[in-house]
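Chains as they are written, first to last, in my numbering: chain A, 1 to 204; chain B, 1 to 558.
A couple of the hints might just be wrong.
If you want a taste of the chain B side facing chain A, the calculated C-beta under 7 Å gives, among others [unchecked claim]:
1. His14
2. Ala16
3. Pro434
4. Leu438
5. Ala441
6. Met444
7. Asp447
8. Gln448
9. Leu449
10. Gly450
11. Tyr455
Far from chain A, by Cβ distances over 12 Å, these chain B residues were calculated [unchecked claim]:
12. Leu316
13. Trp459
14. Trp462
15. Ser537
In short, the hints are calculated from the structure, not lab data.
This one's a predicted model, so the numbers in the text were calculated from it and none came from an experiment.
For every residue, glycine included, the Cβ atom is placed at its ideal position computed from N, Cα and C.
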Amino acid sequence: MLEVTNLVFAYPDQVNPWNFNFSASPGTCTAIHGASGSGKSTLMNLLAGFLEPQSGDILWQNKSLRHLPPWERPMTSVFQEHNLFEHLSVEANIGLGIHPGLKLSPENQQAIERSLQRVGLEHIGKRLPGDLSGGQRQRVALLRAILRPQPIMLLDEPLTGLDSEARDLLRQLLLEQKARGAVIVLASHDEEDRRILADNVCSL
Amino acid sequence: MSHQHCSRWAAAPHRAPFSRPGWRLWPGLIIACALVLLATAGLGSLILEASLPDLSEFWRNRYLRTVVTFTLWQAFLSTALSLLVAVPLARILARQPAFPGRSVLLRLMELSLVLPSIVAVSGLVSVYGRQGWFTGLANDWPGVSWNLYGINGIVLAHVFFNAPLATRILLQAIESSPAPQRRIAVQLGLGRWLYWRAVEWPAVKPVMPGLAALVFTLCFTSFAIVMTLGGGPAATTIEVAIYQSLRFEFDAGQAALLAMVQLVICGVLWWLAARHGLTSSLLPDRRVASHRSKAGSTVWARLGDGAILSVFVLFLTMPLIAILLRGLPGLDLTPALLDATQRSLAIALPAGLMSVSAALLILACAGTASRPVVIRLTNVAACLPLMIPPLVLGTGLFLLFRPSLGSSNEGLVMVTLINGMMALPFVLQMLSGPMGSLDSASRMQADQLGVQGWYRWRWLHWPRMRRPLALAMAYGTGLSLGDFGVIALFGSPGQPTLPVLLYQQLGSYRIDAAAGTGLWLVLLLLLLFSLFNRLGSPLFRAGLKNNTSRILPEPEHA
Numbered sequence: 001m002l003e004v005t006n007l008v009f010a011y012p013d014q015v016n017p018w019n020f021n022f023s024a025s026p027g028t029c030t031a032i033h034g035a036s037g038s039g040k041s042t043l044m045n046l047l048a049g050f051l052e053p054q055s056g057d058i059l060w061q062n063k064s065l066r067h068l069p070p071w072e073r074p075m076t077s078v079f080q081e082h083n084l085f086e087h088l089s090v091e092a093n094i095g096l097g098i099h100p101g102l103k104l105s106p107e108n109q110q111a112i113e114r115s116l117q118r119v120g121l122e123h124i125g126k127r128l129p130g131d132l133s134g135g136q137r138q139r140v141a142l143l144r145a146i147l148r149p150q151p152i153m154l155l156d157e158p159l160t161g162l163d164s165e166a167r168d169l170l171r172q173l174l175l176e177q178k179a180r181g182a183v184i185v186l187a188s189h190d191e192e193d194r195r196i197l198a199d200n201v202c203s204l
Numbered sequence: 001m002s003h004q005h006c007s008r009w010a011a012a013p014h015r016a017p018f019s020r021p022g023w024r025l026w027p028g029l030i031i032a033c034a035l036v037l038l039a040t041a042g043l044g045s046l047i048l049e050a051s052l053p054d055l056s057e058f059w060r061n062r063y064l065r066t067v068v069t070f071t072l073w074q075a076f077l078s079t080a081l082s083l084l085v086a087v088p089l090a091r092i093l094a095r096q097p098a099f100p101g102r103s104v105l106l107r108l109m110e111l112s113l114v115l116p117s118i119v120a121v122s123g124l125v126s127v128y129g130r131q132g133w134f135t136g137l138a139n140d141w142p143g144v145s146w147n148l149y150g151i152n153g154i155v156l157a158h159v160f161f162n163a164p165l166a167t168r169i170l171l172q173a174i175e176s177s178p179a180p181q182r183r184i185a186v187q188l189g190l191g192r193w194l195y196w197r198a199v200e201w202p203a204v205k206p207v208m209p210g211l212a213a214l215v216f217t218l219c220f221t222s223f224a225i226v227m228t229l230g231g232g233p234a235a236t237t238i239e240v241a242i243y244q245s246l247r248f249e250f251d252a253g254q255a256a257l258l259a260m261v262q263l264v265i266c267g268v269l270w271w272l273a274a275r276h277g278l279t280s281s282l283l284p285d286r287r288v289a290s291h292r293s294k295a296g297s298t299v300w301a302r303l304g305d306g307a308i309l310s311v312f313v314l315f316l317t318m319p320l321i322a323i324l325l326r327g328l329p330g331l332d333l334t335p336a337l338l339d340a341t342q343r344s345l346a347i348a349l350p351a352g353l354m355s356v357s358a359a360l361l362i363l364a365c366a367g368t369a370s371r372p373v374v375i376r377l378t379n380v381a382a383c384l385p386l387m388i389p390p391l392v393l394g395t396g397l398f399l400l401f402r403p404s405l406g407s408s409n410e411g412l413v414m415v416t417l418i419n420g421m422m423a424l425p426f427v428l429q430m431l432s433g434p435m436g437s438l439d440s441a442s443r444m445q446a447d448q449l450g451v452q453g454w455y456r457w458r459w460l461h462w463p464r465m466r467r468p469l470a471l472a473m474a475y476g477t478g479l480s481l482g483d484f485g486v487i488a489l490f491g492s493p494g495q496p497t498l499p500v501l502l503y504q505q506l507g508s509y510r511i512d513a514a515a516g517t518g519l520w521l522v523l524l525l526l527l528l529f530s531l532f533n534r535l536g537s538p539l540f541r542a543g544l545k546n547n548t549s550r551i552l553p554e555p556e557h558a
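Using the sequences and the hints, build the whole thing.
Laid out in structure tokens, this is it:
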């Protein structure tokens, strides 16, 4: 169970601090809903450890994550854009999710190839992100998140700006992850995303 | 995709080597402290040894007053003229993005930073000296009497060196102005003056204080140019006066006093520049984008721009052509020349390597440190070598280590160390941009993926840094190869480096041999640059199936 209790944060010039509270069970998707500037991305960054809260806690299986650095937290993120390292090939970008030094076994490489085939991108493994369309880039980012052995997925508007075909495919992948027991926290403006994917909605 | 989400997670299953923050913080911090300590120790030991004279002597001593006033005057004049040349040139180069030879011209302008002063001076003498091509033409005009020696020559040489550097930096600033702004200005059909006010000036303004401070400091601390073109006591700068005090008058107290005056003036200048928005990129980036503007599109505009550019190209290339033409007949690979080459490389290569390594570690430290005092310390350490005269530093350190310094080889080690330090501010400027180019989204991704320490360097920084590192190494080595400052004081006449050999040949009126040595030095520099350029290119693509990462694209003009 992921529990966020009284997680308080304010930017230096912010008068009213945010106070986040919610919980999520394995195999569920919690949608975070709110207007622009309501704190969706801030919550995602707090959960991932990119921002330091002023007070409160984040618990996973009753253990506090608050003082852990991002790389030690059981989470993997996909943002709306800028998910990929532009100078690394698609395969390397996905491979970094498996080993941060790209020390990949033949089995790892086969897993990357299979995952690319699964989403119809088997021919682009050697390409650079700059050569891909927006939908292809997001599919690659999501593949990396899926291949990382972490139980919580933080998705910050991952489907925004994609065509309907790409959205359908990514939604399908996310539903599969949910069925496999992942905790998905999804920040999204899109009502259809929330309807298809979310079990709970948390309004900010 | 059969991965099952584990309910228990293993924290950081693959810990990267050298991933603790201490690895990024401490080596750079130690180097920064060592630099500050060395500079303080160098200056301090000189003061202690010499018992600093009464500060009021500075006001009583007419010679000291003249030296300081002349140094300030020539530096002011050189800076003003360099910027006056650089601003219109940068604007012309920005509005004329495609003409034959533009990229060669930009490369030539980069070379001016490392072209050894003493070699350039020999080229300038061939063009503007008593027997020079230009002097012959100028003296034919009634009422014109041109003399290279004295302030004329000093300012001319400083403009020759600094106008190209300033042009490159200003061009880069103009080209980095927001593209939508430029497009709108073009669409509105703004003329030259309005285009300058709306687009170019806002881009140039933030760079100006730092650029002026850099050019002023380079002219203020100039040594070889003043030594060779000064022409007498009336045209002596602080740096040359320090050399004379140490070498001929054995007056360490006067040298220390002059060094402190220089330190205070340069320190105040950089402090003022920092207060008025010193920007971080004070060395030309090789990535220069091009754009078109209405101001440069008419036939008359192109003709006018072409004429100004031609004059500048002549100004820049004539001394270089003179070096080539005069040097070729005198170029003889004698054992003395080869010996000097070997000695120069033995000093310059380690000095370049030292400056690049120190710069990387200091940048890593500055990027990791959260305490302002540490960040300030790294900034001071980076600027210090620009302000403290290398001669003073060298003499102070020599006095400090004197009991244990025995052979001339140990003197050469000292020269290497000081040359490495002197190249550090330039190398740091060159690497700071690429080192900080990892955007915040990439940093966040890397943090979450555990791409830390060695892995972050290998996979994220190295592909971006490879080419700038090679270029920085070339600059660091090149600056040391052409050094005629510290070596003039510590070098043994029997064991000269290339610039010392050149100076000796000039001094004994072996002009042809000197021209040959100058050409050899330039050829060596070009070889060095192309070698490091080659090393900066990806020969092999390492990693996943040999096709994992790609070096960042070659700059547009390169």
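Evaluated hints:
{"no.": "1", "hint": "His14", "verdict": "holds (5 Å)"}
{"no.": "2", "hint": "Ala16", "verdict": "holds (6 Å)"}
{"no.": "3", "hint": "Pro434", "verdict": "violated (12 Å)"}
{"no.": "4", "hint": "Leu438", "verdict": "violated (9 Å)"}
{"no.": "5", "hint": "Ala441", "verdict": "holds (4 Å)"}
{"no.": "6", "hint": "Met444", "verdict": "holds (5 Å)"}
{"no.": "7", "hint": "Asp447", "verdict": "holds (4 Å)"}
{"no.": "8", "hint": "Gln448", "verdict": "holds (5 Å)"}
{"no.": "9", "hint": "Leu449", "verdict": "holds (5 Å)"}
{"no.": "10", "hint": "Gly450", "verdict": "holds (4 Å)"}
{"no.": "11", "hint": "Tyr455", "verdict": "holds (4 Å)"}
{"no.": "12", "hint": "Leu316", "verdict": "holds (35 Å)"}
{"no.": "13", "hint": "Trp459", "verdict": "violated (6 Å)"}
{"no.": "14", "hint": "Trp462", "verdict": "violated (10 Å)"}
{"no.": "15", "hint": "Ser537", "verdict": "holds (15 Å)"}
Of the numbered hints listed earlier, those contradicted by the structure are 3, 4, 13 and 14.
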